[in-house]
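Generate coordinates for the entire structure from the input sequences, incorporating the hints supplied.
Next come the chains, spelled out residue by residue.
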Amino acid sequence: MLAWLHRLASPKRFHGLAGFFITWCGWGALVLFASGLYYSLFNSPPDYQQGESIRIMYIHVPAAWNSMFIYITMAIASLFVLVWRIKAAAAVARACAPLGAMFTFLALATGSLWGKPMWGAWWVWDARLTSELILLFLYLGFMALQSAIEDKDAAARAAGVLAIVGIINIPIIYYSVEWWNTLHQGATITLSEKPKMNTDMFISLILMSLAFKFYFVVAVLRKARNEMLEREQNSQWVKEMLGGSDERK
Amino acid sequence: MNPKQRNRLILITVIVVCVGIAVTLAGIALKENINLFYNPTQIAAGEVPKDASFRVGGLVVEGSVRRNPGDLKVTFELTDGAEQVTVHYEGILPDLFREGQGIIAQGRMNAEGHVNASEVLAKHDETYMPPEVQDALDKAGNIEDAAAPGTSSKPAKGY
Amino acid sequence: MNDVTNIAKTTAIEPSLGRAFMAMLGRDLTLAYRHRAQLANPLVFFTIVVSLFPLGLNPDPDLLRTIAPGVIWVAALLAAMLSLDSIFRSDFDDGTLEQILLSPHPLSLLVLAKTLAHWLITGLPLLLLAPVLGGLLDMSGEALGVLMITGALGTPILSLIGSIGVALTVGLRSGGGGVLLSLLVLPLYIPVLIFAANAVGNAAGGFEVTGQLAILGSLLALSVGLAPLAAAAALRISLN
Amino acid sequence: MNDVTNIAKTTAIEPSLGRAFMAMLGRDLTLAYRHRAQLANPLVFFTIVVSLFPLGLNPDPDLLRTIAPGVIWVAALLAAMLSLDSIFRSDFDDGTLEQILLSPHPLSLLVLAKTLAHWLITGLPLLLLAPVLGGLLDMSGEALGVLMITGALGTPILSLIGSIGVALTVGLRSGGGGVLLSLLVLPLYIPVLIFAANAVGNAAGGFEVTGQLAILGSLLALSVGLAPLAAAAALRISLN
Amino acid sequence: MNDKTNGHVRLEVDRLELTRNDRVIFTDLSFTLEAGQILQVEGHNGAGKTSLLRILCGLTMPSEGVVRWCGENMRDDRDRYYADLCYVGHYPGVKEELTPLENLAMVKSLGRIREGVDIEEVLERIGLPFGHEDQLCSRLSAGQRRRIALARLLVTDARLWILDEPFTALDIAGRRMVEEMLMSHAKAGGMVILTTHHAVELGDCNVKMLHLGA
Amino acid sequence: MNDKTNGHVRLEVDRLELTRNDRVIFTDLSFTLEAGQILQVEGHNGAGKTSLLRILCGLTMPSEGVVRWCGENMRDDRDRYYADLCYVGHYPGVKEELTPLENLAMVKSLGRIREGVDIEEVLERIGLPFGHEDQLCSRLSAGQRRRIALARLLVTDARLWILDEPFTALDIAGRRMVEEMLMSHAKAGGMVILTTHHAVELGDCNVKMLHLGA
Ligand code: HEM
Ligand SMILES: Nc1ncnc2c1ncn2[C@@H]1O[C@H](COP(=O)(O)OP(=O)(O)OP(=O)(O)O)[C@@H](O)[C@H]1O
Ligand SMILES: Nc1ncnc2c1ncn2[C@@H]1O[C@H](COP(=O)(O)OP(=O)(O)OP(=O)(O)O)[C@@H](O)[C@H]1O
Ligand SMILES: [Mg+2]
Ligand SMILES: [Mg+2]
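Residue numbers (the working numbering), protein chains in the order written: chain E, 1 to 249; chain Z, 1001 to 1159; chain Y, 2001 to 2240; chain X, 3001 to 3240; chain A, 4001 to 4214; chain L, 5001 to 5214.
No lab work stands behind these hints: they were computed from the structure.
A few of these clues could be false.
[Said to hold, decoys possible] No farther apart than 30 angstroms at their CA atoms in a straight line, the calculated lysine-lysine pairs in the DSSO-like style are these:
id, chain 1, residue 1, chain 2, residue 2
1, Z, K1073, E, K116
2, E, K213, E, K223
3, Z, K1031, E, K196
[To be verified] Stretches of chain L that chain X covers, calculated by requiring three or more beta carbons in the stretch to come under 8 angstroms of a beta carbon on chain X:
id, segment
4, 5049 to 5061
5, 5199 to 5209
Computed from a predicted structure; not experimentally measured.
Each residue gets a CB set at the ideal place from its N, CA and C atoms; glycine is no exception.
Structure (structure tokens):
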């Protein structure tokens, strides 16, 4: 099992797999963004209460979902680094952090833009908003720790511990709206119930969310792959690969 | 059992016990009302602080909103179905503020037992639909479910 | 010189976890006692930060009473954070930490002993000083009582979570030190701050505080159980 | 090898103070740029500390608005203080500080260059971030304006006074570092805090602020004039 | 030395590799150490001697390879391995604010120790002048501190000694004493791994050499 | 070397005494150094060599006594003295996050320098391999860093060189090069004060010895 895991995640193998996903998810993201933007800007109706402001949702919600999803990805990758010491996982975790911070920031920013007209305040210190802000700090801490430790392997493992400790924040973000009476609304879209949402809105939201997810996959794999190449530049397989491309010239 | 196994067992027991305590206590905590939004019933019962600012939540009573012409002063009634409380506010109200809508106000009690609000926030619900659908629902008289989910989905806590 | 070899003829006493735990705790307390002049530093810092507020704001007693719980807890957080470095720093510098890592005991329990010592040295004094400062900020009797309870539940969490943070940063010579530590640790401290200050505030207004106290208790149980494990893992990485 | 001696045949260029000042400043900025990931740390710390207060207090916008000036200034004080160590620490550790002491220029001016660099790296970003956080705490437009002015006058004072504190403590390896520094420096920061926070509070209330600003200005002038001298003297003592 | 000594105690090092910041320090390093053997690791400055010793202690993680103690991967049963190990590294691991007695009492409570060992006796044997055992270690000279670090070897009942430049700061008499300690340990069935830039005189012991750095 | 070199340039040390924590390190130490002379300070570890050199630089305050440069107390006119002084101490004083070029450019802007000196040329002469002048110094080996520290001597136009163990970390070629530098400096009318645990070969220069520590 272990050997299998290592083989699957060997830098060379990872490079190939990542290339495959980057290509296909790249196209997927493009198509999804195009259709998602069309749907959300032109095809979905305004809300009965919020009017046109509802369209902020098509960025806010996918960004917020991504912010949590990326953190979970980062923590799982960190677990692989700590337990099985897989280099590809370290590169993935490292690549996740800035993306996650970006999406968290996007969720915070669009949330406040939305909050002003809807709630009447840019910012309130309720549980959902606060925990999302903590998420941003956790990402920043992860990046700061990574950059402070010189040895790359040690940095990946140390930051991994932090990522795993911080995962406790994720259920808090997710369930905050149920555990506390937040100003932020509860979940509309759950696995158990039919969403109380108009179908066109729903489709737009899903399209945009998928587009964001695909974009994340492409971005994270590209970053991770570049980093792996840089770190492995002296290894046999990279030399072979580069040599191969030289011959093609 | 060698000492090593014993140590490991102790370690695991301790962790399990700790996590168990943590979960139990968290359970107790969630039964309590932590992020206090007082509802009008509690206000009527005099449970709110005299000289501190607090939050009150409820539905804006239909037809109770009185705006002062000329300035931004507004007065309205909040209800949780049982009791009502009067709220005074000066400032721009959020877009979602309308009669029948759930809102949260932050403020203090004044001498007459009214709330002087420094902030009024509108709480949105989990329902999204185009206006036409809303019209259709209105016609069908099916309004409660759509417009007051704050009360219908979570009656016990905030409002 | 021949005598040296004699010792090798005896039989062995197996290591005992309880003994190791107590020795670790005792050692750290002895060391703190040898530096007793520095014991006061976090307390003085705490006092200064708390007194910055009446200075920075207008000293209206009503206002001070309202902000007192938050201010005291924020100051306690910062004082605890600044004192964290002492948990592992000197042991790291002189190589004792290596020796602790090489002892035949679960590292996490030794870390727990060190964290306990840190709490006894900084958390407990802060806890005892807090009501005095609360009194200065005009807090009521009940509020002071709850302040003590939240302190008793909260300050150990600060030491425990903090131990993870320092364990992660102890190996860094020039990592921007203190600021980095604060970046790692403060976000994790926020829940303690929220519930503790909220409980004290509620107590001042005469409301129920069981909910908040229960959450603090649950955080404490969780961190007693898990923080030493994380800190131990972090130490092994830092010493790599 | 014979070439080595060749160099000795040329004539000399006398040292120039302006050149030395600019070189010092440029060097510190370059070094900061090489560690640019760490440039953000004080800012993040500042943000976290400011956001601790709404979390610890009741998030009533009225209340937040009242305490905002104090909170922002206290957080700025703490952020500036934690970043102070970087002024001399790394130079001390690798012996560059010795070389600076041995340069044929008034040491106080070189110290001023280093302090200026520190302010550009930490004070200026804090100054720029402050209005954003002030906005989060619901401060009014005029108050934000005055916040900027007090920041522009006050943050340089923090760097200048701070340079004296670090110069005094830089030689101490294990002096309880951070806490000791805070004990030295925070009391000296208090006047800045009082007048700056007071000015912002007054501006929010719509009152006159020229008095406070004048005092801040005079403090600034005083510290520009005297702090580098004191810091230079302290450095010579620390390196003894 | 307890009874298990006569069993199949051995240290196996299997294809170790260490890279630091993508630079290979050593690779494909394997050897076995049996009871009674002494291994001396040689190499120029920066060859990786200290790093190797730290890997053997489980302090540093190798990039590849495993270290086995009594046939089992040392990482799988740290506690057992560490009960058998005593490491004296570059840093003395002596707390300056404690007295020699307190320092060794700490060693005593942490690990597996020889029964009936008397710390004052050990201090005397290791050559600490009388009256110094109650002084804070910060008052001691570098050589005296190193002696206290080495006294750990006599307090614990470790079978495997790992010593990084143990002769640093010692005078000639001190060096001689440490050599005696090493020899008698090896003769009693213990194992030693050491690095040093000094010439060592270990009599008729079974000494293996390992050269690092091309 | 500028024109004042041929004047009455001399360093006078008058009855220096240093106590550390109430322990006398040295006392009643006097000597004079004239243009063209080299002073080598000897003594066992902890004898006070480094302390003496730091006093001569004005970094450490002596308990008693004065240091005079060209007849004037060095503390009364630091700027003049420091324009004439170049000190290379235990710490290299090389910033790791700067490149060698940047490090020396800093030296150039701080002190009095030789006209027309070209830093790249100096780096080449001092033996830094080509291509390393643009790398961060943290990537360099200890010996290479020491060479950059010594390159300061060739950039500045100091008459008095104070060197604390300049040969540390240098290989034989490096040592030879430094010796040449010292000799040519003395011949051109400069002065050198150095400590070292190595044997130095300074040809027919005017070398004085000073022994510290009883
Ligand atoms: C800065 C302020 C805000 C933050 C930090 C924030 C944060 C989040 C987060 C983390 C989620 C994902 C949680 C989940 O999947 O259950 C979320 C979802 C959502 N947010 Fe926000 N939000 C903010 C403001 C707003 C505002 C003002 C609105 C609209 C009035 C809003 C509407 C929504 C909606 C509709 C969802 C999707 C809920 C679902 O269906 O699962 N948010 N937000
Ligand atoms: N933490 C680290 N990060 C990166 N490189 C390191 C680290 N520690 C050591 N090295 C490098 O690893 C190499 C081996 O170092 P090590 O300390 O093992 O050498 P050594 O053989 O013990 O040398 P010495 O004889 O000087 O003690 C050196 O080139 C060093 O620069
Ligand atoms: N800052 C200090 N405080 C107290 N004592 C000191 C200090 N610096 C040095 N000493 C003591 O002064 C004495 C002389 O130290 P110094 O560094 O001058 O010796 P040295 O001759 O240069 O030795 P080495 O050959 O090891 O370089 C030593 O005994 C040392 O312990
Ligand atoms: Mg070594
Ligand atoms: Mg010396």
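Hints, verified against the model:
In summary, the hint linking Z/K1073 to E/K116 is supported, as the alpha carbons are separated by about 19 angstroms, within the 30 angstroms threshold. Between E/K213 and E/K223, the direct Cα distance comes to roughly 15 angstroms. Compliance with the 30 angstroms bound is thereby established for this hinted pair. Distance restraint check for Z/K1031 and E/K196: the Cα-Cα separation of roughly 27 angstroms lies within the 30 angstroms cut-off, and the hinted pair is therefore satisfied. Closer than 8 angstroms: that is the beta-carbon criterion, and the segment 5049 to 5061 of chain L has 5 residues meeting it against chain X, so the requirement of 3 holds.
Check on the segment 5199 to 5209 of chain L: 0 of its residues sit with their Cβ under 8 angstroms from a Cβ of chain X, so the three-residue criterion for coverage is violated.
Of the hints listed earlier, the one the structure fails to meet is number 5.
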